[in-house]
Amino acid sequence: MSHNITVEGGKSVRLPTKGKYCDRDIVITATGSNAPTEDLDTVLTEQEALIAELQEVLEGKAAGGGGNTVLEDALVGGTAKETLTEYTNERVTSVRNYIFDGFINLQAVNIPNVETVGAYAFSECSNLTEIDLQKCTTIGSYSFQSCKALTKVNLPLLQTVGSYAFSNDVMLSDVNMPLVTNIERQGFYYCTALGKLDFSLLNTIAVYCFTNSRKLNTVIIRTPTVCSLQNTNAFNGTAIASGTGYVYFPRALLSDDDATKDYRRATNWSTLASQFRPLVATVADLASIDG
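For the sequence shown, the working numbering assigns the number 3 to the initial residue and increments by one for each residue that follows.
Since the hints were made in silico from the structure, they are not lab data. Remember, predicted model here, so these are calculated numbers, not experimental data. For each residue, glycine too, the CB sits at the ideal point set by N, CA and C. Be a bit skeptical, because a hint or two may be false.
Here are the in silico distance ranges between beta carbons for each label pair [to be verified]:
#1 E84 <-> R279: 45 to 55 Å
#2 Q109 <-> V282: 33 to 43 Å
#3 T234 <-> E132: 45 to 55 Å
Construct the complete structure from the given sequences, taking the supplied hints into account.
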């Protein structure tokens, strides 16, 4: 890529760079007694440095970022919101709030070292099909809401699903986030293609978490203590609530008279008791139940 440099009242040249984020002409205005032609070499050197600095900011290398910066505002300048289809950045570790909000043509992201995704970061990216963030531990509210082409999410280290994080993701069917401990309000609201979820450490399910995810027929909670269910409405509109799906727990948590140790007597859970099943001993047995 090259950038057209126009020195007002002087020459027009093209400045080559390795940058891929700046696609606009750069206009330099000379003032006072400085003659544009005489100062052209100096001007070009300064502009080259500015473009290099912009490149480093976007790639997380700028001073003060230390490789751990959030993506900067410069990314969303110009026509990027309408034209960007893929984004790759192996340096960035945190994606700030709203950075890709409404990028309707974004289809793929490769940001393997990201640990934190902010609120609305990928909201309404209606052509994004897959998320694979193997180092990510936190995602904010509405972070992937209304990503209506999203089918697969792999977040193996995620700890908290922010409120509305995957709401209205109507194609989402493959979810891997075994280490999640908390699902906040409406985290999986209206995920109409979602059939199964499996959690190893889940402690809290907030209100309306799975509401209207009508195909949800299998939820596996392997946590060795009773998971808090804030309201029975979390399962409203699911196959589980309608009597054709099941929630699986460790057998020991379905056989105690103590409400703190038995899901059949636990607050809010007891209304779903007919849909409880014990976890089976082998993977093959579980597969046969899932049908």
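Evaluated hints:
Taking the beta carbon of each, E84 and R279 are about 48 Å apart, inside 45 to 55 Å as hinted. At about 39 Å, the CB distance of Q109 to V282 agrees with the hint of 33 to 43 Å. About 33 Å separates the C-beta atoms of T234 and E132, a value inconsistent with the hinted range of 45 to 55 Å.
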